[in-house]
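Colleague: Read off the chains here:
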Amino acid sequence: MFHVTRRYQFAASHRLHSPALSDEENRRVYGKCNHPYGHGHNYVLEVSARGPLDPLAGSAVNTRLLDRLVSRQVLEPLEHRNLNADVDWFGPVVPTSENLGIEICRRLKHNWNAAFSGEWPRLEKVRIEETPRNIFEIRADEVE
Amino acid sequence: MIITRKIEFSASHMCRNPALSDAENRELFGLAANPHGHGHNYVLEVSVEGAPDAVTGMVLDLKELKDVLNREVVEPYDHRFLNYEVPPFDRVIPTAENIARDIWVRLEPELNRPGRQLRMVRLYETPDLYVDYHGEETCST
Chain A
1 MFHVTRRYQF
11 AASHRLHSPA
21 LSDEENRRVY
31 GKCNHPYGHG
41 HNYVLEVSAR
51 GPLDPLAGSA
61 VNTRLLDRLV
71 SRQVLEPLEH
81 RNLNADVDWF
91 GPVVPTSENL
101 GIEICRRLKH
111 NWNAAFSGEW
121 PRLEKVRIEE
131 TPRNIFEIRA
141 DEVE
Chain B
1001 MIITRKIEFS
1011 ASHMCRNPAL
1021 SDAENRELFG
1031 LAANPHGHGH
1041 NYVLEVSVEG
1051 APDAVTGMVL
1061 DLKELKDVLN
1071 REVVEPYDHR
1081 FLNYEVPPFD
1091 RVIPTAENIA
1101 RDIWVRLEPE
1111 LNRPGRQLRM
1121 VRLYETPDLY
1131 VDYHGEETCS
1141 T
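Protein chains in written order, with this note's numbering: chain A, 1 to 144; chain B, 1001 to 1141.
Only chain A is shown next, with the shape it has when bound in the complex (with noise of 0.2 Å):
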């Protein structure tokens, strides 16, 4: 069994605020997250996949099938966007970095099987770094 990890980067703007909290109550809880034209980070994504061996290519991942899918399902949806007004992934869900690696996560594991057609490898996790600071893990069993 191998893991394999794979690295790629989004720039993307949000705004923390709760449509359930007055707006003192979000300057409280959010503070200069909450600031009202929003803001950016430079994302980190990391995307790990387990599984054995495939004997033809010697490697557990196609690395080729999922970059073409974090692409099309992750990164080309929210590159250089404001994730509240932009995306459609969150309604009512305030975008911050858990729920953006709980969505990220679950895109992933809805679309895996169209990427990747056997029994493995299969999606182990995801891990977002919204600054080098501030870090985000997701595993696939703790999404729907």
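A couple of the hints might just be wrong.
As the list claims (entries may be wrong) - Only part of the chain A face toward chain B is listed, based on derived beta-carbon distances under 10 Å: (1) 2; (2) 3; (3) 48; (4) 50; (5) 57.
Claimed, not checked - Here are the in silico distance ranges between beta carbons for each label pair: (6) A:9 / B:1079: 24 to 34 Å; (7) B:1056 / A:72: 50 to 60 Å; (8) A:120 / B:1038: 23 to 33 Å.
To be clear, the hints were calculated from the coordinates, so they are not data collected in a lab. Where is the CB? At the ideal position from N, CA and C, for every residue including glycine.
The hints should help you fit chain B onto chain A, whose structure is shown.
Modeller: Relative to chain A, chain B alone:
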């Protein structure tokens, strides 16, 4: 407790399966199938698990680990064309997975001793692609 040491080596390789046609190799491996090869600055992290010795306070002497890594990995691999110069890659495709496994096979007998064992080999082919290998594991759900 797990302790990790990091080393680097630079090597060239190409990924081609001789049982496949040029077009099939190109489809499977992309640019990595280019016939004259290409290179990487590989970064290797080796993790050993054990309890600190009651007298020395060390899981293992990092100098010893450094010497083992130099002898077993850097000397055979560094500045070589893996397919041509480093067996088993004359017959095993030198993907990051296979290199990680070969490194595990080289290191395990040198590092496993009573009270400590090789826990993980993490091989970065580039800063954006790495493979973790923990030895043979059953592929269960």
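Colleague: Please go over all the hints and tell whether each is borne out by the structure.
Modeller: Against the structure, the hints come out as follows:
| no. | hint | in the structure |
| --- | --- | --- |
| 1 | 2 | 5 Å, holds |
| 2 | 3 | 4 Å, holds |
| 3 | 48 | 8 Å, holds |
| 4 | 50 | 8 Å, holds |
| 5 | 57 | 5 Å, holds |
| 6 | A:9 / B:1079: 24 to 34 Å | 30 Å, holds |
| 7 | B:1056 / A:72: 50 to 60 Å | 53 Å, holds |
| 8 | A:120 / B:1038: 23 to 33 Å | 27 Å, holds |
Of the hints listed earlier, there is not a single one the structure fails to meet.
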